[in-house]
Structure formats: structure tokens, C-alpha cells
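Peer 1: Residue 208 in my numbering sits at position 208 of the sequence shown, and the numbers go up by one each step.
Keep in mind the hints are simulated off the structure, nothing from the lab.
By construction, the Cβ of each residue, glycine as well, lies at the ideal position given by its N, Cα and C atoms.
Please note that the accuracy of each hint is not assured.
[To be verified] Quick list of simulated restraints, FRET-style, between CB atoms: (1) P480 with D301: 53 to 59 Å; (2) M340 with D398: 22 to 28 Å; (3) G320 with I704: 52 to 58 Å; (4) K628 with V816: 43 to 49 Å; (5) Y610 with Y342: 22 to 28 Å; (6) T488 with F381: 18 to 24 Å; (7) L556 with M340: 37 to 43 Å.
[What the hints assert, rightly or not] Calculated cross-link-like contacts (lysine to any residue; reagent style SDA-like; alpha-carbon spacing at most 20 Å): (8) K385 with Y356; (9) K630 with G574; (10) K630 with G719.
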Amino acid sequence: MQLKVIALASAAVAVATPMAQAQAQDRAQDRASVESGDIIVTARKRQESILEVPVVANVLTQDVIAQAQVVNLQDVTQFTPGFVLGQSVLENGAQVSIRGIGTTSLDPGIDQSVSLNIDGMQFTQGSAYSIGLFDMAQVEVLKGPQALFFGKNSPGGVVSIRTADPTSETEVSGTIGYEAYARALRGEAIISTPLTDSLGLRLAAAYSSTEGYFRNRAEGIPALGAVQPPDRLGQGQGVFLRGTLLYENPGSFTARLKLNYSNEYTEGGGPFQYKSCPEGTTNYLPSLGIALPSFFPASEDCRVDRDTGQIYLNPAFYGGLPNDGKPFSRVKQAFATLEMNYNLSPAVVLSSVTGYYDLKSRSLTSGSLFGTYSAFAASKFYHRKDFTQEFRLSSDFDSPFNFLAGAFYQKGDIYDDARLPGNSALGFPASLVAGTFDLDIESVSGFGQLLYKVTPKLELAAGVRYTDERRSIAMTTQYPGLPLLFPTAPDLVSKNWSPEFTVTFTPTDDLTVFGSLKQGYKSGSYNIVQPIAPGEDNSYGDERVRGGEIGIKTRLADRQLNLNLAGYYYNYNGLQVGINQPPEIGGLPVLSTRNAGTARVYGVDFDMSYQPRDVEGLSLRAAVNWNKAKFTSFVGAPCAGGQTFAEGCNLTPRPLDPTADAVALATGNFFTNAATGAPFLYSAQDLSNTPLSRAPEWQASFGIDYELPVGRNMKLRLGTNGQYSSRYLTNLGRRDDFYQDDFFKLGANITLAAEDDSWQVSLIGSNLTNQYTSGLCFNSNNAGGIFFPGGIQGGPSKGPAGSDEIWCSYDNGREVWLRLTLRPGGRR
């Protein structure tokens, strides 16, 4: 297929420091380079000026991270247009999208389209973000397909986090902060010291606790198995530990060992609340002659605010539940990385990165967003282990030719145990369904790149990654009163070539023009979000992308002003999307992943930074992303509950089942086959030309920071930042209430500090405009259509239960932090 490219391109806003060779003299050179306006990055696993690298990136430096209280991925989005999140859900973790490409599935067996790299180790599991987001040296968001340099192939982009290394002098620091709205406490402590002339140690720890940002207005009905919860949702705590050993023999050998551990507990479930209730909050069961109370509490108004309603559960009604029936998630993570670099010669370096990751998650939810009682619960245990090994051989000859060659290996194992206990008060069995999944992953890839300086001003680079990935799964399923079943699925074998070609033209030290052609890929996998029936194929295929970018980077006004402009155009095939569809026979809602047809993503990235020398201490930055991301073909997507023929549910006729479709047959709400006279309903729709989820057309951010001396041996830092986003879809479909409305978030901070930063007092405001935003929504008929008759889709009109309600996971509104930092001896 011919690659299409449109003009203009992007770049970076801040600093990156070497990841492959972390020698002390290199770090000193990097700081000097930054001060002179020459930003150094390692986006191609070699130290290069950002001006000369054909990369589209946004980078957060250590100073920006500290000043803006960046402690989670939502904070990162404030500085990165085109970067949108779906809230973390149980073992799935954060759902990251860049330019509309990202994971929208709740399937814990899927690899995310935007991968995470922490200290050189590749992660495809969203839960791993939390363990990397403290004591950071930098965060780099690389946009677009990344095939060559970050472990596995990533079709959407890479979020690269480099944590801080040991310092050349002893440093001790401690930070404690308190947030008023969530009643949250966060503390960090760091000790960094040289042990010998060549060996350094750094120990970092963080602790967080919260009473919960959102208020819980649930009204549990004890007779129906509910327990009244606390008045706050999301209380919990987390412990994060990291140790780093850095050995440096300048010019010969370096080794960096990092050990990480975290333990996080959250009670009450995720911050979900109703956004849209098309028929109001009245229960529709009475219209069917079923005398049960409403699932909605009396306080439910289907408005987005700080109020939600999620019940706790009485284990006696469900045959026993973990955590005494309190909905919760507990995630324990441990991972280690060992990076070694050996100089075979002054111009050739052999690098090795070894990683091991272990994640254990236990969770309980009430099954859906119910504020009075629930028909079932969902109890899960999830365990993931990954071992990765990468070798790289790279050159830095003083000649026209240089190269990079390497190999990558991954061995992964995922075990998932899912159980759905039923509520005996409603006549459901103690176990509606239970099942286990044991997924094995083995991936081997080789990669290489050749760089050729045609002239001192013109560089050509060509590279490719070949991947051979294999997956297999063993499963069990248990239904009430039936023997243990062993569903089967075919082994998956994915083989892929992902080439990349770039041209970089640097006519002056302050101007670069570049272009790139890229391909990206992600392996298929298996749906393991809930147990499956025998004979059902729960696998899905690969996701692939090809396209390109071109752009310009320049420094003006004697390097005080940096401007970057880029354009991109990509075609995706087999995009892996999450599907949320109604029960097929009045049972449980179906969550799955499937391959959409094709999608197209194109747009423009622009960013600038300005540091006027005439106003010492002032810096300004701004960035804009214009993005068009749509399905070009997606025929056969499932319909939403209650969606009629006139609303687009007009594909794939299915015959009616006398039991499951009794309401449709009784009310005449069906179509008739003209040839046979058989009744039928439609079950699918065409979503071609609809936007991708989490793909706003416009996003922009800005920041202004100013530092000035005050008083005696003190300084004052003032900062503000803003984030704008146009509306975007949060769920697959055409309904207007699937959209997150446009919003603007404003942040501000003020810091009074000693001249040497030995102490700092900061007041930090985030989302001062108090916008409640979401990147993850679900549709289900909680007014009666999930477990009982009344929900009809694909017919001439709606059934008695009407349309699906929309409920979403929301980010926190306004936050205000007060923070104290002590650093005896000052900043070095």
C-alpha cells in the first residue's frame, strides 16, 4: 500500500537526558547543553540534539514535574496535547490514547497500543504507570508508531519514564503534601549518595493516602443484600519503594540496577457516576409486573458532579465474598531492571537491558453501577509475570556511516480467575459463572538501523524490526449445576516486518527539516475479561499501521524562541477496540475486544517555548494538536441497548428466541421476513466515518513560569498552566451522550524557597475551573434491562426498559495542594 504523508511535523518542549550511557560527565554536558539552548534527547537510543532528531515528542523535565505536582498520568496530559486517558479500572490500569489511538478494551489480556517504558523496560500493562510516577528525572511522550527503539513494537506511541539516578554528592530530601478536597496526603523521601568513586546509591520512597474525592450517596437496601457504604468513595493508600545502584567506569563500563515495589489499596470501586439516563431514574421493572425497588437511589440525578452512589455487599447473600463484601482493588507490583553498557571501542557500545515484572491484583466490584442493591458481584484475581531481555550494539563513528543492531525477547504469563457470584435475595445462584484463563506469551524480535550522512547537512536513516510472537491459552468455565468445562481457542502466531525510513536535513545549527515513513504493529490476543462458553473463539487479530510524518524545527531570536511544527498521516488496519454490548439472553452484559475494519488518523502538532534573556527567570510554552481520527470502515459493530432501526441498528438480522425475546413477541416490536414470515430483530450497526474514542479534534496547552528573588536569600516561583480540549467520544457509537463535552482546565502554583532550595513551601492548584472529565464510559440498561426482560434493540421501537444509561469514570475536579520540601544542604 502506498504511504501517504502530509506536511508539517512536531518536536519536543523540554529536556531528555541519556538513557543508554548515564555517565557523570555526560550528565554535566547535558546540563550545559540545555543552558545553551541545545536540548539533548535519546529518542533513537543515542545522544542527539533534539533539533536534529526526526521525532515528535513532549518532554517534562524534573523541574516541571516538581513545580506542577505531577504525580499521575492525568497530570501529564496537562502538558501534552493529543494525550488522553481513560481512568484505571481494576487490573487493566490506565488506558492511554495518543492522537486517538489507544486501548479502549477492559480485557486484561490485551497489549496497550501506547506502551510504557520505565528505565529501559517495556510494559504493555496499564497498571505499571503508578510505580514509575515518583522520583522522576523526566517523562517523554513519543507520538506515533515506535517500532525500533523501545522493546516491543508500539502502534500508537510510547510513554518513556526515566527515574532519577544517584548523585555525585550526598543529597537528602523529603516532601510532604496535603490536598484539601480529597483529604489526601502524599509524602516522598530520598537519600542519594556516592559509595565509592565509581558506585552510587539512591533510595526513594513514597506514601499516599486519601479519604476519597467523590461523595458516596448510595442508599443500600439490606434486605436485598446491600450494605450502606461510607460517605466517601475511593479511600485508600499506597506505598512505593525504589532502590538504584549505579556503577560508572567512564569510557569503559556502566551498570544501573533498579529495584521497585509498590502496594496499593483502593476501597469502594472506581469513580463512576451516571451521565445520562434517557428515561429518568425510575425503575422500569413495575411495568413488567416485577415488584422490585429501583436500582437508582433517590438522590440520583444523572448529573456529573462530586456525587455518586456505589453500595457495599453483604457476603451472606452471595455465598461469601472477599474483603467482607467491601468493593476494593489491591495491586502489588515488583519489578527490576539491569542496564549495562560496555564500550567495545571509543565509538562502539554494547548495551544490555534485562527486566523482570510481577503484578498481582485482587478485586471485588458490585458488577455495575448500582446505588441500592446489585444482582451480582464480580470477584477477580489477576497475576502477570514478564521477563524481557534486550541487546543493542550501536556506533558513533566520525564517518558518514553509523548503525544500530539488536534483539529483544519477552516471556510473559497471565493468569486470571474471574467469578461472578449471584444475589440469592433475587433468586440467583451463588455462582452465575466462573472461569480461569492462563495465557502464555513469547515474543522474539530483531531490529537494526543504518544511518548515512550523505553530506554533513543531510542524513538518511533506514531501519526495520522483525517480530515473531506466539500466544496460547488454557481456560476453564463453570456454570451452575454443570461439570467443569474446558473451552479451547487456537494458538496465535504473529509475524511482522516494520520498516522505518527517515530523512533529516539540517542546513544550519538552528533549522531542521525532516520526514519519516513508518509502520507499526501489535499482536492479537484473547478476550479474558469474563468466562466464555465452549465453542466460542475468544481470540482477535493483529493491529497494524503505516504512514508518515514531516516537519520543521527551528530556533529563532538568538535561540530564545523554539518553534516546532509537524504533520502526520496514518492508516490503521484491524484496530483493536473494546465492545460493550447488551445481554444476549437476558443474562450478563458482554464485554469483549474485537478488530474494527480500518481507521485513518491525520493532523498537525505545533509547540513553542520562549525564554527571553531580557526578563530573567521568565519562560513561556504553548502546544496545539489538530487531529482527525475516524473509522474508515467498521461494519458490524454491536448495537447499544434500546437502539432502534431508525437510530442505526439496521444490520445483521437475527431470528427471535421465544424465551429471550418474549417481550418483543408479546408487544409486536419486531420485523417480519417477507419471504418466510419469521420475526426478527437487527443486531449490528455501521460505525464507518465515526470518530475514534478519546480523539478530540483540537487540544491545546500553555504554561507561564516566572522566578524572581525576594527578601533575603529567598526566591519566589509563580506558574500557571492551561489545558483545552474539544469534545470527544468516550464509547463506541453514535449517541450524543457518548461524548465528553469540550473543557478548559486551569492550574496555578506559587512557591517560596530558599535561594539554594534547601526548603520550599508550595501552594498548587489543579483544575481550578473544576471540570469533571472522562475518557471511559459504558452503556448498560440498569433501569431493568440487564437481568430482566424489557430491553430491545434492533426493532421498530424501544422496549419497556428504554435505552441504555451512560455511566463514566471521572477524573477529580478542583484540587488544592499545600506542600513542604526540605533539602538539607540545598540543591546540587
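Peer 1: For every hint, state whether the structure bears it out.
Peer 2: The hints, checked one at a time:
1. P480 with D301: 53 to 59 Å: violated (37 Å)
2. M340 with D398: 22 to 28 Å: holds (25 Å)
3. G320 with I704: 52 to 58 Å: holds (56 Å)
4. K628 with V816: 43 to 49 Å: violated (37 Å)
5. Y610 with Y342: 22 to 28 Å: violated (41 Å)
6. T488 with F381: 18 to 24 Å: Holds, at about 22 Å.
7. L556 with M340: 37 to 43 Å: holds (41 Å)
8. K385 with Y356: holds (8 Å)
9. K630 with G574: Cα-Cα ~13 Å, so holds.
10. K630 with G719: violated (36 Å)
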